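Participant: In case you want the letters, here they are:
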Amino acid sequence: MMDQLERAVERMRMEGADFCDARYQTITTTGVAVVDAAVKRISEDRMRGACLRARKRGSWGYATTVDVSKDTLLEAAVKAVRNAKAGNSSGKLIPDLGGARADLKANVQMHPSKVGMDERVQAALDLDRAQKVDPRIVNTNSMLREEVRHNQLVSSHDRQLSWEEVRSSLMVEAVASEAGRTEFFYDIRDGSKGFELVKATDLETLGRNTGLEALKMLTAVKAPSGLVTCITDPSISGLLAHEVMGHASEADEIVKRRSFLTDMVGKKVGSPLITMVDDGTVPGARGTVPFDDEGTPSSRTTIIQDGVYQGYMHSLETAAEMGTKPTGNGRAQDFGRRVWVRMTNTFFEKGDQTLEEMIADVKLGVLTDRMISGMEDPVGGGFEAKALRGFLIENGQVTKMLRSFTLTGNALDILGTGDAVGKKVTLDGGYCGKGIEDWVPVSSGGPHCRFKIVLGGD
Amino acid sequence: MDLERMSKKTVHNVLEEGAKEAEAYLVRVRSLTAYIDDDMIKNLEVKLDQGLSVKVSLNGRLGQSSSTIFHMRDLEECGAKAVALAKLSRPDPYFKRFPGFQHPNGSLDVCSEDIVNATNETLRDKVNNIVSAVGEGVRIPRGQLRVAVIERALANSNGAAYREIGTMAYAHFTSMTNGVDPGEGCECYYSSGLSALDTEEMGRKLRAKALNAQGAKHYKGKMTVPVVLPPEELAEMLLASVGYSLDGENALRHRSPWGEMVEKEVGNTLVDLQDRPWDPRSSLSCQYDDEGTPTRERPLVEKGVLRTLLYDAYHAQMGGVVATGSCMRRDPTDALNLYRRGSATLPINLTWRAGRSSLEDMISEMKEGVVIEKLAAPDVNSVTGGFALEVRSAKYVRDGQVEGHIDQCLLVGNFYQALKKVSAVGSDPTVHGNCIVPSVRFDDLEIVGSE
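Taken in sequence, the protein lines are chains A and B.
Under numbering that gives the first Met the number 0, the residue at position 402 of the first sequence is numbered 401, and the numbers go up by one with no gaps.
Under numbering that gives the first Met the number 0, the residue at position 300 of the second sequence is numbered 299, and the numbers go up by one with no gaps.
It is possible that part of the hints are untrue.
What the hints assert, rightly or not - These stretches of chain B come out as covered by chain A in the derived footprint (C-beta under 8 Å, 3 or more residues):
#1 233-243
#2 368-378
Stated by the list, open to error - Calculated lysine-lysine pairs in the DSBU-like style (CA-CA distance at most 35 Å, straight line):
#3 K221/A - K113/A
#4 K399/A - K366/B
#5 K7/B - K267/A
#6 K216/B - K420/B
#7 K113/A - K302/B
#8 K399/A - K419/B
#9 K302/B - K131/A
#10 K219/B - K8/B
#11 K302/B - K221/A
#12 K69/A - K7/B
#13 K7/B - K95/B
#14 K394/B - K221/A
#15 K221/B - K267/A
#16 K366/B - K221/B
#17 K266/A - K422/A
#18 K19/B - K113/A
#19 K263/B - K302/B
#20 K131/A - K399/A
#21 K451/A - K216/B
#22 K362/A - K221/B
#23 K267/A - K302/B
#24 K69/A - K221/A
#25 K215/A - K420/B
#26 K215/A - K399/A
#27 K215/A - K86/B
#28 K451/A - K221/A
#29 K267/A - K255/A
#30 K423/A - K267/A
#31 K419/B - K302/B
#32 K216/B - K221/A
#33 K113/A - K86/B
#34 K104/A - K266/A
#35 K113/A - K255/A
#36 K7/B - K204/B
#37 K451/A - K95/B
#38 K302/B - K451/A
#39 K86/B - K399/A
#40 K8/B - K69/A
Just so you know, these hints were derived from the structure itself, not from any lab.
Since the model is a prediction, treat every value here as computed from it, not as a measurement.
We treat Cβ as the ideally placed atom computed from N, Cα and C, and that holds for glycine.
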């Protein structure tokens, strides 16, 4: 395939591309879903195809196809250049950073290809069965998913790279119901890991705790509304890092001057306790990649250091536009989607307090517990996150469980109120969309952090 | 080989492999997209995609596999993999058989010639028109226009077979003012064709929304008032709540608030919802759902009373009811990789019967109220109905007049309870994703500011 990709790149150069690359990718996803103790789905999904990408001035032309025969690839190469020429964006030439060769296997202990399906099915069944701790648990759900990606990339800058990515996840969700009230609780384990992720998990305990926590939520009360002292758990800390500060630090938003963080390098954006990074090299984390989808090695980018804004994440294009080095953040969902600036593993760095110390100082406040969703706002810097639940803190003690609520406010205002940061960083994996589509695997997180945030109980 | 023959050949192959029941679903797509970046055309894309999904039953054990199709041997390998997986599964307690052949309930054509004949030049001209119509002082930082021709075919061992060709058009544009604390706007277009895309009108709306948002005041305080939700925000909230509650699986698994509510009141008399799977405006309209059950128009909520839940074939067997033609694998925004998507039970086109009120009527009737223009993320807790949503831009109404615009506040309420407090239904039905809905006014929702 590398030979065919090389020929396609050569054709795009001959057709007049200023820069071009060709990617071939296979993605195999294996899944087992168990619902109410019965196997609902056992599946394997395979997709493969090629993406030809050409740049002319500042416009890109893409042609993607699942037919990877020699002639079709060459036709696609011509289409990609024609599409690039039809655009009208201006832009700087992408500098040649030198050639590279690599052929990397994923660094996992138990590769999915070596694990029997029966073992996966049994794990999902065990996890599901353990949730049924009480008759009030009316519905149990367990899912195991593994994905193996093989990537091959050839670029007009003499890059010939081949690498593998492996990711696994384990999801559990229990629904509890009593007297007309229904609540749910979930837990997830994930990472750039093989089946060792499942082996390292006590399935009985994970399932049982999920069921027990769902039951507890039947007694949760409405959260207070208004500006309150809020200790964000790692998942909500991660949403603040990822959705607001992260998306607004993607350099394509800066080039367009669309981000509220444009021209903010060197300025104070938070309390001195706040340091934030995007790091595509964290071992085992879900967003970790050896190379981005343009063939740039992944790296660690400091975005905030001690409350002062440091800089942006880059693709080849934005690095060229801003006269700096790419950071390995040019990513695509798959061969059928465009490459643009995306995060990898985005998180706040650890501080020096225990959670108990952070709670003890709070007269009246809220401790969040798990996210449901969050929304980006690179223009306005607004933060919106939905927490699955939380706990009321009164006079330094956790008192009541709170049902789902929303956190909102201006991100810089929130970061400026940070007065305590926990000792332990945890990352949660998931998929990140940009705008309305283009989902890439990432993680986000941080330690517990204490801020002032506006809450709205629903 | 054409898709219909490939689907039948795959089913034949899989039965030869030892499966007792089999279903093959194949999709072929040609998709074009133009992306705008800062008023300029940044990317033009052409994508060709085809693939299949195979489901099999082997003595009650189910297996499923999907694959892109390059060689004919991909059909065989995908089928063999599904059989191999079924052998490793456990007997399914509910599955009996795939749907048998049924005649469609009429003929339907949702294949628009303007999309079949579209080129990247067609898209380029339309997006340039939108940018021009936005005018000075407001720009389009990001936008996209996508069209696709989608051919899908299904065959199963129980005789069901169909082939349909449809077209989709989807546009999503954001607008933004210049300077400090800019305002943002957003407009979408969902359709089976391009003819209804009024580029001038979209440009004007994008401009107005960005300027409105720029002038918005940060709301402080708290009020309980009537709130008008526009079609695009209402559609998302409706799907998250009502879409979830209508799913028969959720009822059977005791997690739907409407599980025991059929023939009972779930809203007031202004709540009138139907599934209209033959509406020519929607790219999702179809004669058959995505597992071969014929679709038909169906009342869901009539004058506030829930008439039925929706079931795909599997969950119809689980519940001992008839499948409603509601199995959906497609997406109104994207045509790639449809063969590998899991199926969901959804209305094909969830339609709220339009009322007689114009937006101006609804505003003039309000002593004090809010008309939402943009929410950060119009999501609802499906199980409880609760929501607390960040308002990015809204009109503030006093004494029947728009007094200004507000932002930085939360819209708080419970959607299932709000359905009992609908006070006006608009005359502006709009296709948005799986929904065709008008603006709707709900009484007694909370707006909570930051102080």
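Participant: Decide, hint by hint, whether the structure agrees.
Facilitator: Against the structure, the hints come out as follows:
Figure legend: the segment 233-243 of chain B, annotated as covered by chain A; annotation inconsistent (0 residues with Cβ-Cβ distances under 8 Å, at least 3 required). With a threshold of 8 Å between beta carbons, the proposed coverage of the segment 368-378 of chain B by chain A holds, since 3 of its residues qualify and at least three are required. With a C-alpha separation of about 48 Å, the suggested pair K221/A and K113/A falls outside the 35 Å cut-off, and the hint is violated. Distance hint between K399/A and K366/B is unfulfilled; the C-alpha atoms sit about 39 Å from each other, more than 35 Å.
A hinted pair counts as satisfied when its Cα atoms are at most 35 Å apart, and K7/B with K267/A does not qualify at roughly 65 Å. Of the pairs offered as hints, the one joining K216/B and K420/B holds, with about 28 Å between alpha carbons and a cut-off of 35 Å not exceeded. Restraint check for K113/A and K302/B: not satisfied, since their Cα atoms lie roughly 57 Å apart, outside the 35 Å limit. The straight-line distance between the Cα atoms of K399/A and K419/B is roughly 31 Å, inside the 35 Å bound, and the hint therefore holds.
Between K302/B and K131/A, the direct Cα distance comes to roughly 39 Å. Violation of the 35 Å bound is thereby established for this hinted pair. Between the alpha carbons of K219/B and K8/B the distance comes to roughly 65 Å, so the proposed pair goes past 35 Å and is violated. Under the criterion of a C-alpha separation no larger than 35 Å, the hint pairing K302/B with K221/A is consistent with the structure, at around 31 Å. The suggested pairing of K69/A with K7/B holds, with an alpha-carbon distance near 29 Å, which does not exceed 35 Å.
The hinted pair formed by K7/B and K95/B meets the criterion: a straight-line CA distance of about 21 Å does not exceed 35 Å. With a C-alpha separation of about 28 Å, the suggested pairing of K394/B with K221/A holds against the 35 Å cut-off. For the given pair, K221/B sits about 32 Å from K267/A by alpha-carbon distance, which is consistent with the 35 Å threshold. In summary, the hint linking K366/B to K221/B is supported, as the alpha carbons are separated by about 16 Å, within the 35 Å threshold.
For the proposed pair K266/A and K422/A, the alpha carbon gap of about 26 Å is at most 35 Å, so the pair holds. For a cut-off of 35 Å, the pair hint linking K19/B to K113/A stands: about 29 Å separates their Cα positions. Proximity of K263/B to K302/B is assessed by CA-CA distance (about 11 Å); at most 35 Å being required, the pair is judged to hold. Only pairs whose Cα atoms come within 35 Å are accepted, and K131/A paired with K399/A is accepted, the gap being roughly 24 Å.
Under the criterion of a C-alpha separation no larger than 35 Å, the hint pairing K451/A with K216/B is consistent with the structure, at around 21 Å. Simply put, K362/A and K221/B have alpha-carbon atoms about 24 Å apart, close enough for the 35 Å limit, and the pair holds. A threshold of 35 Å between alpha carbons decides the hint, and for K267/A with K302/B the separation of about 56 Å lies outside it, so the pair is violated. About 62 Å separates the Cα atoms of K69/A and K221/A, which puts this hinted pair outside 35 Å; it is violated.
Between K215/A and K420/B the CA atoms are separated by roughly 31 Å; this keeps the pair inside 35 Å, and the hint holds. Of the pairs offered as hints, the one joining K215/A and K399/A holds, with about 11 Å between alpha carbons and a cut-off of 35 Å not exceeded. Between K215/A and K86/B the alpha-carbon distance is near 39 Å, which puts this suggested pair outside the 35 Å criterion. The hinted pair formed by K451/A and K221/A meets the criterion: a straight-line CA distance of about 19 Å does not exceed 35 Å.
Restraint check: the Cα-Cα separation between K267/A and K255/A comes to about 22 Å, which is no more than 35 Å; the hinted pair holds. Annotation: proposed proximity of K423/A to K267/A holds, straight-line Cα distance about 24 Å (limit 35 Å). Restraint check for K419/B and K302/B: satisfied, since their Cα atoms lie roughly 11 Å apart, inside the 35 Å limit. With a C-alpha separation of about 28 Å, the suggested pair K216/B and K221/A falls inside the 35 Å cut-off, and the hint holds.
The straight-line distance between the Cα atoms of K113/A and K86/B is roughly 18 Å, inside the 35 Å bound, and the hint therefore holds. The straight-line distance between the Cα atoms of K104/A and K266/A is roughly 41 Å, outside the 35 Å bound, and the hint therefore fails. With a C-alpha separation of about 47 Å, the suggested pairing of K113/A with K255/A is violated against the 35 Å cut-off. The hinted pair formed by K7/B and K204/B fails the criterion: a straight-line CA distance of about 48 Å is larger than 35 Å.
At roughly 56 Å between alpha-carbon atoms, K451/A and K95/B are farther apart than 35 Å, so this suggested pair is violated. A C-alpha spacing of about 45 Å is found between K302/B and K451/A, which places the hinted pair above 35 Å, so the restraint is violated. With a CA separation close to 49 Å, the supplied pair K86/B and K399/A exceeds the 35 Å bound. Between K8/B and K69/A the alpha-carbon distance is near 27 Å, which keeps this suggested pair within the 35 Å criterion.
Comparing the model with each numbered hint stated earlier shows that hints 1, 3, 4, 5, 7, 9, 10, 23, 24, 27, 34, 35, 36, 37, 38 and 39 do not hold.
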